[in-house]
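K.L.:
Protein chains in written order, with the working numbering: chain A, 1 to 98; chain B, 99 to 196; chain C, 197 to 294; chain D, 295 to 616; chain E, 617 to 938; chain F, 939 to 1260.
Don't take every hint at face value.
Here are the computed lysine-lysine pairs in the DSSO-like style, where the Cα-Cα straight-line distance is at most 27 Å [stated by the list, open to error]:
| id | chain 1 | residue 1 | chain 2 | residue 2 |
| --- | --- | --- | --- | --- |
| 1 | B | K134 | E | K655 |
| 2 | D | K322 | D | K518 |
| 3 | C | K199 | A | K3 |
| 4 | C | K232 | E | K655 |
| 5 | B | K101 | A | K30 |
| 6 | D | K518 | D | K333 |
| 7 | C | K232 | D | K333 |
| 8 | B | K128 | A | K30 |
| 9 | A | K30 | E | K644 |
| 10 | C | K232 | F | K977 |
| 11 | C | K226 | C | K199 |
| 12 | E | K644 | A | K36 |
| 13 | D | K488 | A | K36 |
| 14 | A | K3 | A | K30 |
| 15 | B | K134 | D | K518 |
| 16 | D | K333 | F | K1139 |
| 17 | F | K1139 | E | K655 |
| 18 | E | K817 | D | K488 |
If we take Cβ atoms under 10 Å as the criterion, some of the chain D residues that face chain F in the derived model are [to be verified]:
| id | residue |
| --- | --- |
| 19 | F313 |
| 20 | V470 |
| 21 | T483 |
| 22 | A486 |
| 23 | S489 |
| 24 | L490 |
| 25 | T494 |
Just a sample of chain D residues kept apart from chain F, beta carbon distances all over 12 Å, derived [what the hints assert, rightly or not]:
| id | residue |
| --- | --- |
| 26 | G298 |
| 27 | Q329 |
| 28 | H353 |
| 29 | L384 |
| 30 | V388 |
| 31 | I418 |
| 32 | R444 |
| 33 | G453 |
| 34 | L477 |
| 35 | T521 |
| 36 | V602 |
| 37 | Q609 |
In case anyone wonders, no lab produced these hints; they're calculated from the structure. Glycine included, each C-beta is placed from N, C-alpha and C at the ideal position.
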Amino acid sequence: MMKPVKRIEIVVDSVELNRLIELLEESQIKGYTVLKDVLGRGVHGLRDGGDLTDVLTNIYVLIACNEDEVQPLIERLRPILTRFGGICLISDAQWLIH
Amino acid sequence: MMKPVKRIEIVVDSVELNRLIELLEESQIKGYTVLKDVLGRGVHGLRDGGDLTDVLTNIYVLIACNEDEVQPLIERLRPILTRFGGICLISDAQWLIH
Amino acid sequence: MMKPVKRIEIVVDSVELNRLIELLEESQIKGYTVLKDVLGRGVHGLRDGGDLTDVLTNIYVLIACNEDEVQPLIERLRPILTRFGGICLISDAQWLIH
Amino acid sequence: MDIGTLLSNALNPPVLFFFLGVAAVLLKSDLEIPQPLPKLFSLYLLLVIGFKGGVELRHGGFNTQVLITFIAAIIAAIAVPIVSFYILRLKLDVFNAAAIAAAYGSVSAVTFVTATELLQQLSIPYDGYMVAALALMESPAIVAGVVLVRLYANKQEKGINWPEVLREAFLNGSVVLLVGSLLIGLLATEAAEKSLEPFTKGIFYGVLTFFLLDMGLLAARRLKDLTRTGPFLIGFGLLAPLVNAVLAILIAKVIGMGEGNALLFAVLCASASYIAVPAAMRLSVPEANPSLYVSMALAVTFPLNIIVGIPLYLQLIRLLGV
Amino acid sequence: MDIGTLLSNALNPPVLFFFLGVAAVLLKSDLEIPQPLPKLFSLYLLLVIGFKGGVELRHGGFNTQVLITFIAAIIAAIAVPIVSFYILRLKLDVFNAAAIAAAYGSVSAVTFVTATELLQQLSIPYDGYMVAALALMESPAIVAGVVLVRLYANKQEKGINWPEVLREAFLNGSVVLLVGSLLIGLLATEAAEKSLEPFTKGIFYGVLTFFLLDMGLLAARRLKDLTRTGPFLIGFGLLAPLVNAVLAILIAKVIGMGEGNALLFAVLCASASYIAVPAAMRLSVPEANPSLYVSMALAVTFPLNIIVGIPLYLQLIRLLGV
Amino acid sequence: MDIGTLLSNALNPPVLFFFLGVAAVLLKSDLEIPQPLPKLFSLYLLLVIGFKGGVELRHGGFNTQVLITFIAAIIAAIAVPIVSFYILRLKLDVFNAAAIAAAYGSVSAVTFVTATELLQQLSIPYDGYMVAALALMESPAIVAGVVLVRLYANKQEKGINWPEVLREAFLNGSVVLLVGSLLIGLLATEAAEKSLEPFTKGIFYGVLTFFLLDMGLLAARRLKDLTRTGPFLIGFGLLAPLVNAVLAILIAKVIGMGEGNALLFAVLCASASYIAVPAAMRLSVPEANPSLYVSMALAVTFPLNIIVGIPLYLQLIRLLGV
Ligand SMILES: Nc1ncnc2c1ncn2[C@@H]1O[C@H](COP(=O)(O)O)[C@@H](O)[C@H]1O
Ligand SMILES: Nc1ncnc2c1ncn2[C@@H]1O[C@H](COP(=O)(O)O)[C@@H](O)[C@H]1O
Ligand SMILES: Nc1ncnc2c1ncn2[C@@H]1O[C@H](COP(=O)(O)O)[C@@H](O)[C@H]1O
Ligand code: NA
Ligand code: NA
Ligand code: NA
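In isolation and in its complexed conformation, chain A is listed as follows (with noise of 0.2 Å):
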């Protein structure tokens, strides 16, 4: 009926979305979702969308994924982070079986 699973969501520059999809598919994570037109504040400063371009707009990534798969994600993702900053976070969640 229901499975524990780990969700961890990722907040990035939205130029960063091939290469984090990429990446996921690197990890044989086949299943994610992704919002764009995301907007915020972090270190790199505020990201209000007011632009021409998508250039101050971030994405958010959403993967629903099982413990054994988290590790080798995030290490593929930490560079990814420290050079083009953004956040990741991890909780756990119940995954309904159907």
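Once you have looked at the hints, place chains B, C, D, E and F with the ligands on chain A.
P.N.:
Coordinates of chains B, C, D, E and F with the ligands only, in the frame set by chain A:
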């Protein structure tokens, strides 16, 4: 001040929006939040929104409800997920009483 | 590698965006993520965005912060939620240090 | 009622596309014009209405008649919300009564421009300064609404946060765009006016038509909210415009406005705002329920005016020999 | 093959911008036309195609020739999906076969209008009622698709939820907008038609060009999906339109359609729907994979028709002396 | 300074609407043009500027004068970023200096087209191939920026990922659309050009005006970022364009460009890119802070050029008897 609640997150094909809202109303769920134009990948393949209609997009629904409201809701939800795909995650949170 | 943080989620009428951002800055919150054009239903009725202005839309704000930053923030937040409605959920997560 | 004008108005593409929008929703079709396309149309219409108003104002000129019209407009924009407030208080709380009163004291630029299109079709002349009257009538009702709330709501609110209220009333997006474009129209040279014509005159009627398709969709969707609010509000949404129009026509007769100007003045008094006032009310009177005042202005009063109202008021003006 | 028409068709700005869109994706450029801009263009095109069809229909008139053409159109819109279904069943499951068959039984309004533009350039006359034939051929294929699924899918599904299926087929957004605009075009007065002209005729070719740039981007992105589906589907996407066109041209000859109408009838049969049918199939046949039928209609059949098909069918019509 | 041209330029609707946008933000109005509407305008403008350039290029012809102009353009597009880089390094780190230098080495198509509008108003002739010069000057500065970073940033980065950098510079969305439309304009027949005119010429000035309202809003919002960056960058944003324009005018005199071409060449050198370069810099030089180079190009240099720069450079050209 605070009360424990359950956070239900649903990501499903955007075509299911009306059906899902009806289901929430049937389960006496009076509060929910909906995000449109959600992209992603899952068992049903890539939904990159790249199309003239919103055929290839998802919706994200967040529901904060009491523990006892979860069971009836997911029982109604399961047949939709089985037929149309999508995911449902359940996690814990505290609701700020105001 | 990881540090425990609190995840604060706020959904409120989009008209409150500026007031909310000011409030975050007053509470020394330097990092937050904002989603616009958020729909939903609550005590104040249905917000389906179906209008010429964004009168009938919400915003979703995600804040990852340390445990000690939560209290001052929600004290400032409560009067806004009481007057203008909206919800605030607090959950636990791990922050990937990079 | 001269069925001719009524029919010719209803058979206009803009009004027909309004019906198409309503029909699509009633037939549960998934026809939808997603945000921000409606915003694109309303920004374009406000910009062009303002600019063309400014251009005509420059050609026109200024005399006492213009001044009297402006004074009448401002008085109406203050009187209508006050009277409406007391009527609405019979059934509604202070907050909703004030918000709806403010909406009906303000104006709808698209209703105004649907009337100018009809006047052009029937080649009835009207003056450019009526657009300035439109701009003048946008904001006073918002201030009136907020003042009424402070007077009658429980006293624990100290005073009125005047800077914010005035900014909300006079500096909200629609007013700034309308007034700004009007001033730019005043300053524009003949050559500039000419090179803008395909944009301001050419595609105007088409964009108005596309916009009314969207208004039909929005109005029909709002109707569901109204069924819950009950007959009183729907009644107010139908009667207030007619009463306001009749009073406006009487004033027009007294001041000696021409037939065209009288119709526009009536339409300004009879129309309710569904863009500027809702945006302002949400900040200054958050306790009011937006789906109430938006639905009344958009799903009851707007359709009433563009389908029946405009030809009816013209008929009345001719009857009274204005 | 008379290279002249082929080249003049391919050198038309709309087709050239389609190539530009494809090239941008193949060169991995980040050129993108974000939602809902594509929706704005397709809503505009449907509105204008319908309205102009209605206007021409009013000028035209109704006679048996028109009736026969309508009957032929409806028969084609039912026959094509049934035949296509059995061919597709050779390699595909019931759901995907039915969804693709429905797409190919339906039509693409933009392919139709690219053909009318070519006819205008070559000043070949055609009748207004062909737009009505376009509208008639939008929906039957959707019903055929759903019926085929119920007949051949495992029997555990009780009957067909007819109200929902019919609403999906005949009341989806594109059909309501096309048919609604057509009716409004019929009712519009000369004056209204004239004042709408800069919007419906003036900028039409330019918006069509902008839209085909976007179609090029979308088609090229869908191509990746197709490479995974394998040669059978790409083969079907190329052959089915040609076969359907030839059959349509033969029928046109039998009924005695003019050269212009024959080309439009061929294009209707040869084109596949990538807006109305996908929207309907998702609700009535959710088991089918949208990226399959959308990619075939948008990335194979649409480009085939506008680049090679249209001039080819015209050539064939002249050969057979229709 | 001949106040006449300065005033007539500032009283142009596009520039007036730019001021309206700035005023709306300074007055804290909630006037907003939500995404992706600005993207719609900039895609339209790039498509039409390119297409019209291609059409004029076809009418024109190719001779040594054209070739020399192109060579001068490319040299300027490489020299400007290099010189700017060393000046900026006085106060800035390598990454931000390179990104800003690249922006100032590149061009702004909208500034260019505001200048062509002024030339048309003053009926001063200019050549179609200047649009090709615009296209040529879009990308070299991006490559120069990246090379400067690799040379001066700490050495731990091995070489330059040339495929990605070149794709970013020469295949980003704006360049592909501009160059693509230019090529299509070259290929378009007279008939096609004519049927596109209401779209490419008719509504062009109106859409440009609507776009500058949005630029005013964006520029004023970026101003806040600039106040934090300090006087050096604002100074650079004001002086660099003037210096670049003067140098360009001297080169134009040496090569013997006509008055119109000289103004356009000066405007190309004086304008900074706020679409193509920021998009490229984010990938190739992510360490640079976009709000710096976007704000300078959009909130300082763009307003300077369209309000004061263009008429000033024209004045200078006349003084030097180019
Ligand atoms: N503490 C935080 N809580 C929520 N979102 C954050 C936080 N810090 C950064 N972000 C998001 O991540 C984006 C990039 O962060 P940064 O690289 O720190 O500028 C920001 O624009 C925000 O949208
Ligand atoms: N493991 C996952 N984590 C996050 N989102 C997912 C996951 N699996 C599926 N989704 C989302 O749910 C949508 C439908 O899933 P599916 O029915 O499996 O194709 C996908 O397009 C994703 O947006
Ligand atoms: N229980 C809930 N779960 C998720 N979202 C909610 C809930 N209650 C309210 N919301 C969101 O908060 C917005 C404002 O809530 P309210 O002030 O109660 O009308 C609603 O429009 C919803 O988007
Ligand atoms: Na009124
Ligand atoms: Na077909
Ligand atoms: Na430059």
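K.L.:
Now tell me, hint by hint, if it's right for this structure.
P.N.:
Here's how the hints hold up against the structure:
| no. | hint | verdict |
| --- | --- | --- |
| 1 | B:K134 with E:K655 | holds (15 Å) |
| 2 | D:K322 with D:K518 | holds (13 Å) |
| 3 | C:K199 with A:K3 | holds (25 Å) |
| 4 | C:K232 with E:K655 | holds (20 Å) |
| 5 | B:K101 with A:K30 | violated (35 Å) |
| 6 | D:K518 with D:K333 | holds (23 Å) |
| 7 | C:K232 with D:K333 | holds (15 Å) |
| 8 | B:K128 with A:K30 | violated (33 Å) |
| 9 | A:K30 with E:K644 | holds (24 Å) |
| 10 | C:K232 with F:K977 | holds (18 Å) |
| 11 | C:K226 with C:K199 | holds (17 Å) |
| 12 | E:K644 with A:K36 | holds (20 Å) |
| 13 | D:K488 with A:K36 | violated (41 Å) |
| 14 | A:K3 with A:K30 | holds (17 Å) |
| 15 | B:K134 with D:K518 | holds (22 Å) |
| 16 | D:K333 with F:K1139 | holds (25 Å) |
| 17 | F:K1139 with E:K655 | holds (24 Å) |
| 18 | E:K817 with D:K488 | holds (20 Å) |
| 19 | F313 | violated (28 Å) |
| 20 | V470 | holds (4 Å) |
| 21 | T483 | holds (7 Å) |
| 22 | A486 | holds (5 Å) |
| 23 | S489 | holds (5 Å) |
| 24 | L490 | holds (5 Å) |
| 25 | T494 | holds (6 Å) |
| 26 | G298 | holds (34 Å) |
| 27 | Q329 | violated (8 Å) |
| 28 | H353 | holds (17 Å) |
| 29 | L384 | holds (33 Å) |
| 30 | V388 | holds (25 Å) |
| 31 | I418 | holds (27 Å) |
| 32 | R444 | holds (22 Å) |
| 33 | G453 | holds (21 Å) |
| 34 | L477 | violated (8 Å) |
| 35 | T521 | holds (31 Å) |
| 36 | V602 | holds (33 Å) |
| 37 | Q609 | holds (36 Å) |
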